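Residue numbers (the numbering used here), protein chains in the order written: chain A, 1 to 77; chain B, 78 to 307.
Rather than coming from a laboratory, the hints here were simulated on the basis of the structure.
Since this is a predicted model, take the numbers as computed values, not measurements.
If you anchor each label on the Cβ, the simulated ranges turn out as follows:
{"id": "1", "chain 1": "A", "residue 1": "27", "chain 2": "B", "residue 2": "205", "range": "30 to 40 angstroms"}
{"id": "2", "chain 1": "B", "residue 1": "266", "chain 2": "A", "residue 2": "35", "range": "41 to 51 angstroms"}
{"id": "3", "chain 1": "A", "residue 1": "30", "chain 2": "B", "residue 2": "144", "range": "17 to 27 angstroms"}
{"id": "4", "chain 1": "A", "residue 1": "29", "chain 2": "B", "residue 2": "244", "range": "44 to 54 angstroms"}
{"id": "5", "chain 1": "B", "residue 1": "135", "chain 2": "A", "residue 2": "26", "range": "32 to 42 angstroms"}
{"id": "6", "chain 1": "A", "residue 1": "30", "chain 2": "B", "residue 2": "272", "range": "49 to 59 angstroms"}
{"id": "7", "chain 1": "B", "residue 1": "195", "chain 2": "A", "residue 2": "66", "range": "20 to 30 angstroms"}
{"id": "8", "chain 1": "B", "residue 1": "282", "chain 2": "A", "residue 2": "48", "range": "35 to 45 angstroms"}
Now the stretches of chain B that chain A is said to cover, found in silico as 3 or more residues with beta-carbon under 8 angstroms:
{"id": "9", "region": "142-155"}
{"id": "10", "region": "159-173"}
{"id": "11", "region": "200-209"}
{"id": "12", "region": "215-224"}
The C-beta atom is built at its ideal place from N, Cα and C for all residues, glycine as well.
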Amino acid sequence: MATEIKIPADLWEEDEDAVITSWLVDDGAGVEQGALIAEIMTAKVQYEILAPASGIVRIKEEADAVVPKGAVIGTVE
Amino acid sequence: MTALRLADAAEGIAREAGLLAAGRPAVLLWQAEAPALVVPAAWARRASFVEAGAECARLGWPVLARSSGGGGVPQGPAVLNLAIVLPAAGLTLEAGYGLICGAFREALTRFEIASGTGPVEGAFCDGRWNVTVAGRKLVGTAQRWSAAEGRRTALIHAAMLLDRPEPRFWEALGHVHRAAGLRVDPKPEAHLAVSEILPRTMRPGALIGAVARAAEDRLAAALGESSPAA
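For reference, chain B alone in the conformation it holds in the complex (with noise of 0.2 angstroms):
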């Protein structure tokens, strides 16, 4: 499996909310090629936020909302995305990270690169379940479980920096926060990206391959089946 290649991130954001609605298991990897700067839609309802959202289209990031929470985060050809969907039926959250934070995990440790999960402080859009490197931010990630037609199913999503985002965009970043009242900006530093930290022998593609199979395979263990892939 290869990640698509999507015009835009609505267009990989509608994707995975159509996977979401249909209610299959499912596993998708995208990348969008124009870069972003997607928000929580509480903050884009804000009226501080118009002359925010100009300046970053300004700088090069548009600025995308979405539905659900959490902070601002890159989009574009340097990120990564994976969502899996599979019943909610006797899952909680912390297995659901679990599982796609293991992913992640199994595809860095073929590559002999070691990792963990843990908030990172100053990183953007943190929580408790990042896939972290050397102390520093690789993978993001959050969950939407929808219960349409009486069926509980988990979108599970991660999103991987395969580059450092340009300076523009911790700019950009800075500005919303602030017109979203946050005091503190993330910091570059708590982050790290693919290209920091992949042999240099090796291919993004490689460890992307990896994903996807470890994804695959994770998800073919939790609906109790042999997977495609072993």
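Excised from the complex, chain A in its bound form (with noise of 0.2 angstroms):
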């Protein structure tokens, strides 16, 4: 079953979206839960994205892509 690699939707309370500056692992690589694995940005705001488990990454959204508070990039199966 796939885990759901995910912008939070709590860290801000404006509508804004957020930026993939980039991924660190690349599609299909293998992650440890709590790996670091993506960055974002918003409103001047570098932000790190962790592996939400342990598996095989499935990027959904590229880097440079826009994409709304709460979004899936990617996904550990």
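Using the supplied hints, reconstruct the complex from the two chains, each of which is provided in its own coordinate frame.
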């Protein structure tokens, strides 16, 4: 069962989008839960995204994609 | 507390990164001796940037890349940097900005200078959380949140202009803006500096001290502690 990699929904109050500044792992890479896998930017804040589970990362939204808060940007299978 | 005088902005950025990695609450004030034009690393990676970088260096504003986003900003003796590091549990981005902007606004109030927060059209590295005086940008802010060792920590950063950047800075900033594909250059008149608003009888060091105390007080309050400066 896949676990969603999500942009936090409660980190900021405004309906401002975020930009995925970089994926730090490749699509298909194996990761451990809690590993740093991506960075996003919103409202001049750089924020680190951690792997929500151990497994294989499947990237859904590529770097430079603009996504709303709460968006699913990938999964860990 | 006085501002730490560092050789260059790279040293200041590295010290801030070290505090964030350590994950312990801290307040750091610093100024760089050497001028630099600090830009997002994404700008500096562009092929078009090589020529712009050389031109900036010729103007006396060598380019330094930082890992975070935003826009080009000056660093040097005329810029005061404040970094506040604290646990991010329960914090929102807005609360983080409110904390650091509040420290500057409280300090300015002590000198009877009215301030606000908000975007400023034409300002460099503009955002919603500038500290403004008379509608012009005095302080810019940004944040970096780390999750090292499974512990969320926030680094909230602000930079305040003590003196207006010299004309060559604006020329250099125009070069990097065009190299980054931006069509509109920032306007000097969108900014102002401490030297323009502080009463003549006051030294900038007094305001810097007030900013430090306000930052320490607000950090202590955020941590639920009594302030050592109180």
